[in-house]
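Student: If you want the building blocks of each chain, they are given just below.
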Amino acid sequence: MFLTISTTGAPERPATDLGYLLHKHPDNAQAFPTSYGTAHVVYPEASAERCTAALLLEVDAVALVRRGKGKGRGGAPDAALAQYVNDRPYAASSLLAVALSSVFSSAMKGVCRARPELPARPLPLRIEVPALPARGGAGLVRALFEPLGWTVRAEPVALDSEFPEWGDSRYVGLVLEGEQRLADALRHLYVLLPVLDDAKHYWVSSDEVDKLLRAGEGWLPDHPEQKLITSRYLARRWSLTRQATERLELVRLAETDDSAVEEIDNAVEEPVDESAEGSADSSAEESGATEAAGVAGSAEEQAVPLAVRRREAIVDALRAAGAARVLDLGCGQGQLVQALLKDTRFTEIVGVDVSMRALTVASRRLKLDRMGERQAGRVRLVQGSLAYTDKRLKGYDVAVLSEVVEHLDLPRLPALEYAVFGSARPGTVIVTTPNVEYNVRWETLPAGHVRHSDHRFEWTRAEFRTWAGTVAERHGYAVEFAPVGPDDPEVGPPTQMAVFKVLTEKPEKPEKPENASGEKKEEKAA
Amino acid sequence: MTSTENAESAENAESIGNTGDTDNNKVRSLPVTDLSLVVLIGASGSGKSTFARKHFKPTEVISSDFCRGLVADDENDQSASGDAFDVLHYIAGKRLAAGRRTVVDATSVQQESRKQLVELARKHDVLPIAIVLDVPEEVCAARNAARTDRADMPRRVIQRHIRELRRSLRHLEREGFRKVHVLRGAEEAGNAEVRTEKRYNDLTHLTGPFDIIGDVHGCSSELESLLGKLGYADGVHPEGRTAVFVGDLVDRGPDSPGVLRRVMSMVGSGDALCVPGNHENKFGRHLRGRQVRPTHGLAETIAQMENESDAFKQQVREFIDGLVSHYVLDGGKLVVCHAGLPEKYHGRTSGRVRSHALYGETTGETDEFGLPVRYPWAEDYRGRAAVVYGHTPVPEATWLNNTICLDTGAVFGGKLTALRYPERELVHVPAERVWYEPARPLASEAPGGHEGRPLDLADVHGRRVVETRHAGRVAVREENAAAALEVMSRFAVDPRLMPYLPPTMAPTATSRVEGYLEHPAEAFEQYRADGVARVVCEEKHMGSRAVALVCRDEGTARDRFGAAGVTGALYTRTGRPFFPPSAEGSPEGPSLTEQILGRVREAVTEAGLWEELRTDWLLLDAELLPWSLKASGLLRSQYAAVGAAAGAVFPGAVAALEGAAARGVDVTDLLAEQRERAADAAAFTDAYRRYCWPTSGLEGVRLAPFQILATQGRSLAGVPHDEQLALLDRLVTADPSGLLATTRRLYVDTADPDSVRAGIDWWLEMTGRGGEGMVVKPLGALVRSGQGRLVQPGIKCRGREYLRIIYGPEYTRPENLDRLRSRSLNHKRSLALREYALGLEALDRLADGEPLWRVHEAVFGILSLESEPVDPRL
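Here the protein sequences come in this chain order: A and B.
Counting in UniProt numbering, the first sequence runs from 1 upward without gaps.
Counting in UniProt numbering, the second sequence runs from 1 upward without gaps.
None of these hints come from the bench; they were simulated from the model.
Just so we're clear, the structure is a prediction, and the values are computed from it rather than from any experiment.
The beta carbon of each residue, even a glycine, is placed where N, CA and C say it ideally should be.
Some clues are possibly wrong.
Covered, in the sense of this in silico footprint (three residues per stretch, anywhere, with C-beta under 8 Å from a C-beta of chain B), are these stretches of chain A [said to hold, decoys possible]:
| id | stretch |
| --- | --- |
| 1 | 96-109 |
| 2 | 128-136 |
| 3 | 154-163 |
| 4 | 222-229 |
Computed Cβ-Cβ distance ranges for the label pairs, DEER-style [as the list claims (entries may be wrong)]:
| id | chain 1 | residue 1 | chain 2 | residue 2 | range |
| --- | --- | --- | --- | --- | --- |
| 5 | A | K394 | B | V71 | 45 to 51 Å |
| 6 | B | V654 | A | S161 | 14 to 20 Å |
| 7 | A | L410 | B | D754 | 54 to 60 Å |
| 8 | B | A439 | A | E480 | 24 to 30 Å |
For reference, chain A alone in the conformation it holds in the complex (with noise of 0.2 Å):
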């Protein structure tokens, strides 16, 4: 990983003053030693006029991974295939702005023994970064350097040049110019580096996070993307711990299969970057189905969003159903067992989910641990399958599949339909999903997308009520339909909802309690 810092000179204030600032003579090529591998600072020009430093930082790959093994946190977890190859010795990742700290202390410090009155001026000043990783692109990039008076220039570079079709990479080639003070230039370099970066595999430890923040100070404040780069820095710490932590198995079957675990653990939202990335990099579908997205009409319906009115319609339903004993099958984050645990009526609530992630997710939302004994006795979390039968569900009043069926192929729902309305068979269940008809209205989703990337069908109104009429059928179950959402009168409620009861069995009488009694007698005869 590379950069190089220019200046040019003026006959007052010669560029090779840079050296003075830098700490380091433009005549001799200085080697550092940092945690990652040796820092390399060498002066491809150096005159009155002009005068270049380059930081070439070699990353040691093989120990930055040995680094992290066995110690859990603090280092890379030790079983991701993605951190052997990967772009740290290239990217001008947060290694590079480390490194950039050590090599550069006193100048990022504004501190010159030599010539004390240099690191007060501005300077003119020209930094190339080659490879720099920008999640957000180069909208971002410019989004983060203009407000604080620089001139940029950020070419996206393309993945592959023998691939056309792949597009672009997530590396720019960034040129920044401007007058500043080489130690302000610094400090924006060392904070906004790793936050363009999203360094998904390693670990920030939190006195790196301290000397970040103290980094900022001066200009962050005032930063109108302030927010997002505090958000962003806070957002990748605590993912990270949910990486070291929770996810390595995944992490291994996503690998098994040459993917990404992003691919396969997304039952839980990442959280959004609020603001300005909207634009850059979050797809047409995640604002579309972001839950709290307003629907597309009159303010006021504005007001609520979907979700809510979802939940309520669903506990509304639940105590139509006279209901105290509930599952919520898919329960996600258990914003629905949330609401449901505020009303006492519901005396026992499970939320069931197949993520791990979304369990532990719901489980901290809830803060379960926390939890007073009394209400903690009344939810329970576990994993579970609706691809299974499963003989935990059986015996409860109402069961819940909000928004669950449509994640499932359809090949797979009959699966889905004998283990609720089959084997579990509640007295009452309550299914809810998008009304396919209704994304004309969503301003944010283009035409013939889904809402969720992670939706395999959203159905029409009429193929709803076909499917769950059959359903009713063949498990005896009576079926009725309600709008939740406004009901517009071209396409219908963005949400759809089905409430199943039970019919009251008539079975035959079993064969074997009246044969029963007779086996009694003759085994007493016996």
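Since the structure of chain A is already known, use the hints to place chain B on it.
Tutor: Then chain B, alone, in the frame of chain A:
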């Protein structure tokens, strides 16, 4: 309880004991069942121990005196009686549990002490038998007087014993003794002979061959067709085979009298055996004039019987009364009963056993159709004997843990099924029509429903141990099963279409050859050390591992795998589909999966493999190319990204150093190093590019099969690789579309240095041209070492350039290679073998026609193990 009811079954008929009203001078013959609890009853001094010594093996007899001695060092210490009887009951219980006749030698004159023994017999489902020695007081007293240890026994004790014995005599049968032999006087006791009788259910001496026939339910026409198909002519088989009926001959169907007439005649002539079903039991009660509700099709039988003669009705009644609840046949290797029987009840005799045999065990719950939920006893069955039964209608008869249910719902429009034993062939005739509407559909649409029951979470969830034929018990940890559950539930193809997942493969031992991390020499050496003389080296196609289930048509997929609307599946190492399913009636036509399956199908047909392998489906292990087809996400986010970053950074870095050098700064070493690193990065980009090419539809897509894993009724995991490859070569040749690709191979003798050299050269040449490498496999495929353990089914030797993708662009630099060589392969090797054993198990279970949940259990285990922590670069 009247004596009529007492005679409800043959077992009960035994209970009419011989009550000893015979002439004192005659030799009394006392029938005693071979498995029973014999309770000797008599006063002190009545001669019980002498009787026991004379008629039973010493080890069969447990005396209370002996037990007193055990616990108190004194056989006459009455204060130790409580503990002594605890010991006696304990030993007797152990013997009965093990199926050994036991004789209790204690006075047992008190009802309370006998009651405990009767309960003990019931608990172990054996017959309690009483033998009473009713000997006069004087004789007892004289005998006691002759014994030093009992000489001072008060006379009143003997008097009390005899009083209590006399009082008990009339009640012994009511207490539960199924045979009561009373010997009056010392002479009769001395002259009696004990005759060991077999149990009625013990037909172990009959070895068949048998044709076991499922629930007929009055379908006499289907029964006649089936008997004809089995080779019977008028109820007699020319080869002397014996038919065995599992019960439920009557009710629901059109002609129960006809079925009874046929079966009774065959049983009468010794051409058939029959056990009772619950329907016979109820019908028998009706015939005896008892009030029973004419439900579940009994009304039909009653109506059909109205035209029959009283004599016939009487015959039927006697026939049903004489039926024995279950039979143990063929030296104990076969048990036939109506509703299935756990091993602990085999050959036992009690009301509980009879109840189980006729009705099975229910959980007390009712299902969605209001029918009782039956306890899935067969899932826990581990017994040696094959259990063949009926009672619960299933769509297909399938073996499960050495049990099989033959009730395929003939009367409900299914079929009438017979099992040829010992051949274990199923023979069936379809129902001529639906004779009776079932209360519940025969099959559920859920996966597994067509084979008994749908998949249950308990089959896969939590910590589990899977029993495998080839490597014993394989454990799956809870956290690994949890991750597998997520992938299996959310991303995998229908489990019905996924009868197998490929196991992981270990790489060759780390090479010491300069510049190499892996080299084939170690692989050849490892197999040589394992005693494998001949191996095949197969070219490694750099694509994605793919398993293809190819059915001849939709009907095959539906009938064999229970999946509708497809002709198979094509899935990845974790069971995910390569291509999205196409919407029904989609304008794009069939999905890419179906298109690929179609081409393979044509090649199979063209090559004539359906007929040659006698199958309607094939399970193929293969590689799908190009790699970029599936891995494009990873390629872009990971591999191409690394190349792009390197490509962007080095020109500037090298130029900067060149600039500095031009200024006279000494950067010689650093510059050289950066140039090398740039070259390494370029080599890395070249390495992954070889496995990428654009595809459009099926254009550019290739499938390279390297093993046929299974066909109908057969696992091909043990077929030698040269035979496998010969079959697959024919498949490739027969494919006109160019989809199928050949796997190049070379055979090597591990003990022949020249052959090994040739193998190494082949690898060097192949990887030198950018090939991924090769897999070395024992030619015999499924091979054990001299010590009897499985050897690795394959060892991969990856090419030097290919490994850049795994170990990073700069792994070949000497300082990196040195460090990377310290890698540990043990866990990976163990994992590979465990997954291999599970894979073999899945294929064996599939071949045996076991139900889906059994196959899925093993498949799920493989996926779970894939999430174990092991160095992912191996």
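Student: Do A:L410 and B:D754 keep their Cβ atoms within the hinted range of 54 to 60 Å?
Tutor: 58 Å Cβ-Cβ, so the 54 to 60 Å window holds.
Student: Count the residues of the stretch 154-163 of chain A with a beta-carbon closer than 8 Å to any beta-carbon of chain B: does the count reach three?
Tutor: Our answer is that it holds, as 6 residues pass the Cβ test (under 8 Å) against chain B, meeting three.
Student: Does the beta carbon distance between B:V654 and A:S161 stay inside 14 to 20 Å, or does it fall outside?
Tutor: Check passed, 18 Å falls within 14 to 20 Å.
Student: Measuring from beta carbon to beta carbon, are B:A439 and A:E480 in 24 to 30 Å?
Tutor: holds (27 Å)
Student: Given as covered by chain B, does the stretch 222-229 of chain A meet the bar of three residues or more with CB within less than 8 Å?
Tutor: violated (count 0)
Student: Is it true that A:K394 and B:V71 lie within 45 to 51 Å of each other by Cβ?
Tutor: holds (49 Å)
Student: Okay, the stretch 96-109 of chain A and chain B, do three or more residues pass the C-beta test at under 8 Å?
Tutor: It is violated, with 0 qualifying residues against the three required.
Student: Three residues or more, CB to CB closer than 8 Å: is that satisfied between the stretch 128-136 of chain A and chain B?
Tutor: This one holds; 4 residues, not fewer than the three required, reach chain B with a Cβ under 8 Å.
The structure fails to meet hints 1 and 4 from the earlier list, while all remaining hints are met.
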